[in-house]
Each structure stands twice: as structure tokens, then as C-alpha cells.
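Visitor: What follows is the residue order along each chain.
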Amino acid sequence: MYPFSFTKVSDTREALQAGRRGGRYVAGGTTLVDLMRETVERPHALVDISALPLREITVTERGGLRIGALARMAETATHPVVRRSYPVISEALQLGASAQLRNMATIGGNIMQRTRCTYFRDVTAACNKREPGSGCAALHGFNRSHAILGTSDHCVATHPSDVAVAFAALEAVVHLLGPDGERGVPIVEFLLRPGDTPQREQALRPGELITAVEIPAHPRPLKSGYLKVRDRQSYEFALASAAIALHLRGGVIREAKVAAGGVGTVPWKLPAVEQRLIGERPSAALWADAAARAADGARPLAHNRFKVELLGRTVERQLRTLGGTR
Amino acid sequence: MSPQPQSAVGAPLSRVDGRLKVTGKAKYAAEHHVDTVVHAVVVDSSVGRGRITGVDTRAALAQPGVLKVISHLNAPKLAYRENGSSNNPPGERLHVFQDDKVHFHGQPVAVVLATTLEAAQHGASLVQVRYDAERPSTDLARAPAHDPVTYARGDADKAMRSAAVRLEMTYRTARTHQNAMEPHATIARWDGNRLTVWDKTQWVGGTQTELAAVFGIPRDAVRVISPFVGGAFGSGLRAWPHVTIAALAARVAGRPVKLALTRRQMYFGTGYRPAYECGVRLGSDRRGRLTAMVHDIKAETSTYEDFQEDVLAAGQMLYSMPNVRQAYRRVPLDVNTPLYMRGPGFATAAHVIESAMDELAHHLGIDPVELRRRNEPAADESTGLPFSTRRLRECYTTGAREFGWQRRNPEPRSTRDGDWLIGTGMAAGVYETVRKAAKARVRLDADGTALVEAATSDMGPGTYTSMTQVAADALGLALRNVTFRLGDTLMPPTPPHSGSMTMASVGSAVQAGSDTVRRQAIKLAVEDVRSPLHGANPGDVVVRGGRLHLKDNPARGETYQRLLSRNERTHLETVGSFEPPSGPERFSLYAYGATFAEVAVDARLGLVRVRRVLGVYDAGRIISPKLADSQALGGIVGGIGTALLEHTVTDHRDGRIVNANLADYLVPVNADVPDLRAIYLEGEDREADPIGVKGLGELVHIGVAPALTNAVFHATGRRIRELPITAEVLL
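Protein chains in written order, with the working numbering: chain A, 1 to 326; chain B, 1001 to 1731.
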């Protein structure tokens, strides 16, 4: 681990000052500290923001949900409103990491977590994300867990978060506070595809701090859930996952929100699937037909070709679980 | 058998060292406090083959706290004498820091010493090593092999040609790592020319001889201490390069050195179960009687050592058949040398044989259990020797009954539960009963307590507990009055803690020593005119709860304490020995088991979930049933890993292990481990050893993977011949 300074801040103003000087924000530390130990991350200054008042989970005036950036995964997953109104968030959180990690890791940190690409995490391997211009060892290496969507010739690493997939499905907005004030960025714009700058993973400006993730109000109640497919039953990242929320009235799908995880360089919103569903009546044929569009545009690699098929089947299964009909 | 009443042996006790472990007081290798210790961190090669052309240590040495960087450029030359009493395979072991050659990715190329661990870690990351790299050869499928080890009886090829039924398959099993909880670690201290090391090892004696050979010093000049081992599964059976590095660094630094491998380093700094490719041909008649079997087995080894394990024996004796031909080829690759891992050889052999038997059963439409019954041999056909005990039929009967095997619809893909296809499978298991010479010191003190010591190890099976049980019964003491110590070369020598030989070997020595001390006390009493037992026949005296008395008249007797203090004896002591019978074996000695498994497969999503596993074991006498269960369940969990999850992945472009961590190398977690159950056939094996055990720890892992894969076939109708079975194959 490279030497670094460690400062604990008690309010956002102090945090922003430290952030402006190039400090890296740390809260639960469950990703950053690991990566520092592997010398993948070498921040010279850590700013501990865990004492900031950003832990509350509140229902907004408009009826949305605002999850403070420092809310822990565990407490978010078990929050009564989250459980009742957004099971897809609760399930995505509970299927992630381990109980110990969920007790430490924050929502802000979760969406900021970095890829599990083993070449990224091995400092002796070529990685454009870690060391721009060094190449991508995964492209022609062992890439079973890598992305089939949103990739570039520079990077094929998967975004590892589960809850970010649920957020993407629900069109969540990331609230940021920076030297120039506050702003909100939709999560699907906040997390960046690698393109030719895979080292840039978020649309963050220097010194900006995540203050909250907001789920906009959905006036029509959503039935939602998260399906995560993985080799073992717990404590593993997704091979493929589906976050889906539906609103049915009169036997017709009025709203459909669908995103996939484990397959994209960022949480992958599936508008083609959503559009196929809206206005239709649930049926096995509909699920199959909609899910068939899930992997549109996929660019599989040597070891992850199976994800093309698996993604469609995962979406189809979760549609059936939520929407019924066998 | 002991004339003493057996009350401790066979009792389902918790670990006697359990409290120490759960309260953190049990000291593991890296936890011993040694004054003035400095920390060492190894720098590993980032190329898979080639030469080191330069080592730039300036940045590392400039760091506060960094004391030294040692590489081949400045390391002292070491003797590296041959070591006959070790698990070093044929060939020449890796010589650390003796030349510029890189044999495999991750090979130690330098070590950084610093006053703190953090400084050493940071220093290691700053050492710049330059290489002249070549492309390594790491692919088992593409490299040429050494000359094979072979076996033949009858004429298998001819018999195959005339067999009514012929099957030919190739099975592949992945390289897997032991992945014990405790990382390998060593603390080394020199006192003049004497070396003391605290090491994670399954064999203090092996580490001792290896360090003596490497440094060219007398064996007696090396002391190895290892009281607790946090799991090993075979990885602790050699003194790996890091052990030498710790001792070398301590010599250079003139201070004690502590070196712990990182989890990542354990994937190339210690051994592993090699990857295998096994071709099998089976010939049988229409009723399923085997006529011939041919094995063509390939496994990886390093370029500098020829690692071999016993993958042939099971094929020669598990089933009756006149014709067998086997060839076992090792393929030298640019990798570090493999080593034993739980159920070595036999686990791989069982996977191949038991998968093939399941294929034959399906092909013939014969129940898999029935097929195995039809091929039970009357004697060991590889040697002609009678079996000491072989109760595999009972394992099948008990297992089938307890598992509910007869409820099975034999048709594959015939049982569903929602999205899940349900399947059941079974497999036999076999492991040789190994026992070797061992000694144990037994001392009975005048206060009525006993101390028993042997240089053995307890990597998890519960050696502390089981030896205490054996000694307590033989001495006639309550368990709480017996202390067993282990893990120090100053104690009486024992064989490696491996191959399921510890209970048979060390346990027999403990019993022999304890019997001797008890007899000494009895002799003292019957010859002592002041003893109530004076004049009694020694054979009529037993000891219970620390009191000697007549077997038939418990009122006549006295305690050890009274006897010893009256005779002004501080203690009675002896060193008990066990020697396996000399000369050729008169019996074929093996432990047997049958594993039954039920899996659920979501074929649409490519998921396999284990529902239940039952193991039934013919392992001789069970000394410590609760710990036996712990062994069995652990062995089954390991089998679930082998079948469905575990796979060390190498990037053949540069020999890098790409999943060298526990996030990417998957082992089963609690959620993957369902309803597991173990049953032991009651009994003992009088031919095996004085305490009647046949060994359990290896056996319980053997046959689990094929039982599971056979269940996957039954669930899906798909035969998957490559382990682990992963989603992409099932989709």
C-alpha cells in the first residue's frame, strides 16, 4: 500500500475543500481499501466522509425515495419503505456481497465500486482502466465474467454492482454536490461506458461528492424484483441479472422498467424490452419475445459467449416471476 | 486392543482445543511473538518463463523502515543438499535466489525486509525487476509428456476388442488449490548456527530435514514448531520456497524474520492438485460384468520436478476384472510443482472410474448400485491378497436405504420441481490405509495427570482430541486429566500428518506408550507391600478415573496419586512406539465409502444446486465421532467445490493465474452446502493397526464429485465430462 494521508471530515463543506485538493472520499472502504492493498489504487489523500449527515432514507415530497449516499447496504435493504415499494432495490442489495460487507458498504460507495476484472486488479497485467494506454489483457485473455454490452476495444470490464442495476431500471438520479453547487445526473448517464477512456468511470467533476440517490416518484405502483444468476448461491458477482419493475392494470402492462447486470460495462437499461412489453398482456410468448431483445448489440468474447443466451433467459425468467403465466 | 475399558474413545466429544481456537488463544504460525522480528514480503515474477536481467532496489531501499532487498544478485549461496526424508518429488527443487532463471509466473525473485509489515509490503511493490521473457508452456493439452508409469494385467486391448459392450470417454478435471483458511507463514530465527522456525506445516519433521538440507546444517540444528494449523488439505506437506526465504533472510538480516504469503501468493507459492485429462475405456458383458479397463491419464507437473500421485491403484482393485492396462503420464509445464490435495490420486481416479461406471450402468439399463455389486471382487486382484476388511456392499445397502435410492426413477430427466430438474447419483470411494512408524512420549505425574507428546500435527481433523481420548482410556484417566501436545521437532518423531495415517500411526504409538505407563504403575502397585493391590495378578488390574483396582473387585485399589507419592515417584514415563508390520503386507488394506447425492438443475439458467449428500463409510473404528462428522462434512463440501465450482485458471499467454483470490476462485459457501450426512459402519479393522482404524479424512472426499456429476446426468440427461460443471456448459 502506498503512503497516504487520512482526514476525517465532519461537514460537507470540509469534505468539498478536501476533495478540491484532490482527496479521495472514503466511507465503508470495502472496495477502496482492498484496491489500495493491491496497489491498484494509490490515492495520496483519503477523506473519511462517514460522519457526514448523508445517511437518511426519506420519502420525497413528490413521492419518490431519497437514499442518502452514506446509507449502508444492509439498512437500505431492510428499510420498510424500500421493502414495501421497491423490492427490486431490497433484493438487489441482499443478493450482493456478504452480510459483513453489507453492514459496512454504503450506497454511494456501491455505485462507485470498481470492476472485478482480474486483470484490472493485478498490477502486473495490462489494463487501460488502471494504466491508460497499457492495453487490455482481458480482451483476448480469460474473459468469462466480462461484458458483452457497452464494451470497446479498450475495455470489456463489467460493472459489478447489483443495486445500480435496480437503480438503472427505476431511472434513479444521482445527487451530487460540488464546488459549483448541486446537480442531479440520471444514473445511466452517471456511469460511463469505457469508450477510449476506460479510466473515466463516472461523470463526476473534480471534488464532487455523491449526496444521495433518488428514485423518482412512480405514481403507478410497481411490482418489482431482482434475479441474479451466479455460479454459487451467495457471495458472488452476477453472471447475469435482471432488475424489472412492472405496472399492470386491467391485465395490461402499463409500465415496464428493465435493466440487466453482469453483462454490461455499466448497468444496462433495456429500452427495447420495455417497449415490447408496454401495452401488452402477459403471456409466455410475450416474455420470450421481449427477452429475445435483451442482448441486442452484444459483442461476446471468447469465454463469455454464453452470456448472450443467459441474459435473455434471465430476463425472461424474471418477467415470468413478476408478471405470471407459465 | 486395549484391556482397558473404552469410555473416551467413541464418545462424541467437542475439540479439546476448541476454546483456545474460538477465543483466539491458539497461536498459528504467524502469531508467535519473537523478539526483534522483522517482516519479509516476497516479490514474485511477473513473467512465466525467462531470465531476470535486472533488479532495481533503489526506490524500495529509500523507503523508511526497509532494511534489505535480497535477490539472486546478493543472496548467499545455499547448499541445497538432497533430502531423502521429505515429500520432494524426483527432480531438483526450486533454488531460491540462486540464479536468474524464471521457471513459472509468480516464482519468488526477491524479498524485502523491513521493520514493519507495511513498509515491507510497500517496499516489495517498489522493487523493479526486468526480465528477458519467453512464452511459457502451461497448457496440459498441448505439451509433450514424460514417459508413462504403466500397469497391466491380462490383455486389456484384446479383451476390449471382444467385449460385448465397449465405452470410451475422456474426463477432464481442473487444477484446484487447497485454499485453507490460514495462509502459509514462517518465522525464522538463528541462534548462532542453530535455526528455529515457527511454520505452518503438516510435518515439522519434513520442514526440519528440508531446512537442514538446504542450509547444509545438521538436522538437530533445526527446530520446527507448529502447534496449530488452520487447515492445509495437503499444502503443508512440503517446506515451500518461502520457508527457505524466511530462514535465508533471517541469516542475512541477523534478526528473526516473519514471512506470511498473501492469499494470491498461495496460488503459486505452494502446491495444488494438478489438472488431469483421463481417457477411459471400459469393456463388459451384457450383464455388466467388467472384462477390461484401459486408463490413459495425463497430469501436469513442473519442468523441474516430476510430481506423481497414486491415480492408478483404485483402477486395479476397486472392481473385479481380468484385464487392466494403465498409463500415467506427467506433462512438464512452466508451472510450480503440484502436491497432494485431499484424497490425492484416489479422488481423481474415483471420478474417472465412478463416472465411467455410471455411464455403463445407464448404457446397460442396470441400476448403478447393482452394477457395482456385480463387480465386487473377492480379493484384491492387483496383489492377490485378501482384504483385511472390505464392507463396500454394506455401504451400498445402508446408503441406498437411508438415502431412499429405491424411490428413484432411473430415467434421466424424469423428475421435475418447478423450474428445477431433480437428479440423484452415487459413487463408490476408496483410499488406502497407510500407517508408518511413529513415537509418542507419555508421562504420568504424581498428581494424577498425564502429558502425552508427539511431533504430529492437527490441521483440523482433531488430533489433539482423538489422541487425548486414546491416552485417557489406556491410562484410565478422565479426559480433563490428560494433555496432548504436538507440533515440535523436540517431541518424538511422527510421519507426515497426511494420507489419513495419523490416527493409525500416532494413535497406535500413543496407545502403546499409555499402555506401558499404566502397566508400570500396576507393576509398582502389585509389588508394593503397602498397596492394597499387593500380590494381585497385574492382568486383573484395570484403571478407571485415575484409580487402579481389581477388575472383579473395584473396592480393592488405590489412586495413581497415592501410589506414586507413597513410592516417592514424581512421575512414570515412557516413549511408546508403533511400527507397521515388517515384511510384505498380508492383507489388502483400504477404507471404503459410498456417496449418494441429489441435485437440482435449472437447465434454462445453467444452475446446479446440491440438495443433499449422504456418505456411508467403512473406515474401521471411529475414535471421535463428532470430529469424524466434521471431517466427513468437510470432505463432502470439498467435493461439491470440485464438481461445481473450483478451478484455478491460467492465462496461457504468460502463465499468470487469473483467479488467484477467493473472490474469483470459488469455493462453496454455506448456501451451497445443504443437508449433508455421514454414517460410519460400526466395527474395526484388526489387521490395520492396534487401534483398529483405517483412516477417514481422505476417504470422505473421494467419490463425492462423481456422485454429484452422476446426479447431474440423471437430472438432465446430459453427461458432462469436464469439471467443474459451470453454467455455460449446461445452457
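Be aware that a few hints might be false.
Stated by the list, open to error - Reference excerpt, derived from the structure (chain B facing chain A, CB under 8 Å, subset only):
| # | residue |
| --- | --- |
| 1 | E1118 |
| 2 | R1130 |
| 3 | V1649 |
Stated by the list, open to error - Restraint-style ranges between C-beta atoms, simulated for each label pair:
| # | chain 1 | residue 1 | chain 2 | residue 2 | range |
| --- | --- | --- | --- | --- | --- |
| 4 | B | D1306 | A | T39 | 29 to 39 Å |
| 5 | A | F4 | B | R1612 | 28 to 38 Å |
| 6 | A | A99 | B | R1586 | 28 to 38 Å |
| 7 | A | T7 | B | G1065 | 36 to 46 Å |
| 8 | A | V252 | B | V1669 | 53 to 63 Å |
| 9 | B | K1077 | A | T39 | 41 to 51 Å |
| 10 | B | R1609 | A | A285 | 27 to 37 Å |
| 11 | B | H1363 | A | R220 | 27 to 37 Å |
| 12 | B | R1677 | A | V252 | 32 to 42 Å |
| 13 | A | Q100 | B | R1609 | 18 to 28 Å |
It should be emphasised that the hints constitute simulated quantities derived from the structure, not laboratory data. Glycine included, each C-beta is placed from N, C-alpha and C at the ideal position.
Visitor: Determine whether the Cβ-Cβ distance between D1306(B) and T39(A) falls within the hinted range of 29 to 39 Å.
Guide: Check passed, 37 Å falls within 29 to 39 Å.
Visitor: Taking the beta carbons of A99(A) and R1586(B), is their distance inside 28 to 38 Å?
Guide: 55 Å, violated
Visitor: Return holds or violated for the Cβ distance of T7(A) and G1065(B) against the range 36 to 46 Å.
Guide: Given a distance of about 23 Å, which is not inside 36 to 46 Å, the answer is violated.
Visitor: Given a hint of 18 to 28 Å, does the C-beta separation of Q100(A) and R1609(B) actually sit inside it?
Guide: At roughly 24 Å between Cβ atoms, R1609(B) and Q100(A) fall inside 18 to 28 Å, so the hint holds.
Visitor: Take the C-beta atom of V252(A) and the C-beta atom of V1669(B), compute their distance, and say whether it sits inside 53 to 63 Å.
Guide: 42 Å, violated
Visitor: Quick one: are K1077(B) and T39(A) within 41 to 51 Å, going by C-beta?
Guide: Distance hint for K1077(B), T39(A) is violated at roughly 32 Å.
Visitor: Holds or violated: V1649(B) as interface residue toward chain A, Cβ cutoff 8 Å?
Guide: Check passed: Cβ of V1649(B) comes within 5 Å of chain A, closer than 8 Å.
Visitor: Do the numbers back the hint for E1118(B), that is, is its least Cβ distance to chain A under 8 Å?
Guide: Holds. Min distance 7 Å.
Visitor: R1609(B) and A285(A), beta-carbon distance inside 27 to 37 Å?
Guide: 28 Å, holds
Visitor: For the pair H1363(B) and R220(A), does the Cβ-Cβ distance stay inside 27 to 37 Å?
Guide: 58 Å, violated
Visitor: For the hint 32 to 42 Å, verify it against the beta carbon of R1677(B) and that of V252(A).
Guide: At 50 Å between Cβs, range violated.
Visitor: So, as I understand it, the hint says R1130(B) touches chain A; can you test that by seeing if any CB pair is closer than 8 Å?
Guide: Not OK, violated: R1130(B) not within 8 Å of chain A, min 13 Å.
Violation of the numbered hints given earlier is confined to hints 2, 5, 6, 7, 8, 9, 11, 12; the remaining hints are satisfied by the structure.
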